[in-house]
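Trainee: Sequence:
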Amino acid sequence: MAGGWNPLTGRDSTGGCPPFAPYGAPVPSPGQPYVHHSGGPGYNYGSPVGQGPAGGFYTQQSFSYQPNGTGNVLPRLPQPWPVIDPTMPAAQMTNSSGGMGCEPGYNYFFPSEHTKAHVFRSNVPPWQLPSATQLPFKAAHIPCNTTFADLLKGFGCSNPVAKKNRVVEIINGGGGKWYKGLEVGGGDKEGLKKTIGEVGWDSTRTGLDGQKPVVCLWFCKD
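Going by this note's numbering, the letters in the sequence shown line up with residues 21 to 242, in that order.
Honestly, the hints are just simulated from the structure, not real lab data. Be aware that one or more of the hints could be misleading.
Claimed, not checked - Derived pair list, reagent style DSS-like, types lysine-lysine, alpha-carbon separation capped at 25 Å:
id, residue 1, residue 2
1, K241, K213
2, K241, K173
3, K158, K136
4, K209, K232
Small disclaimer: the values here were computed from a predicted structure and weren't measured.
With the hints as constraints, model all of the structure from the sequences given.
Mentor: Have a look at this one:
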């Protein structure tokens, strides 16, 4: 009632407002039901206030890398020369900019047919070695239209005395024994013009079961 008068308890003993006025709040009491009070308007632990949808992420502005790393936090520093295997310089391609491999933005046009070759490394001709000698080798796919002149050059046979540059096909005799096969030397002008596909080193030399064996080669420039 007005003036703080309560018909049950009489006038209020103090002039303060009731607890949690004016919105009210639950007063815990043992054994009594709990009545939820959402509270008044505003940010609180009650019902969330309605709001509009949040905006998405804006697309970040991008910049292409400038030459020589200009404007880049990770500049393009000079790099050492690539390590080239002198026994197979054809494994790397030097482009017009002086770098190795295809230039940025360029792809490589592969020939349609390749042969599989195992190139053995030994100062002694393999057919002169004892049986079961362990020979290191490298495997390569070689285009079938490669001439013998390019083949010798690609595998480091660069002796000024042309006749000392030669490639020999070696034949596996079983039990670790090798035999000498076809030989083409730098002094054979007609042979150097031929392609490896013309002598049977073609895409049929797969080494798979029931098919022709892989081409086994030995190069010499001494």
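Trainee: If a hint holds in the structure, say so; if it doesn't, say that too.
Mentor: Hints, one by one, checked against the model:
no., hint, result
1, K241 x K213, "holds, 19 Å"
2, K241 x K173, "holds, 10 Å"
3, K158 x K136, "holds, 11 Å"
4, K209 x K232, "violated, 29 Å"
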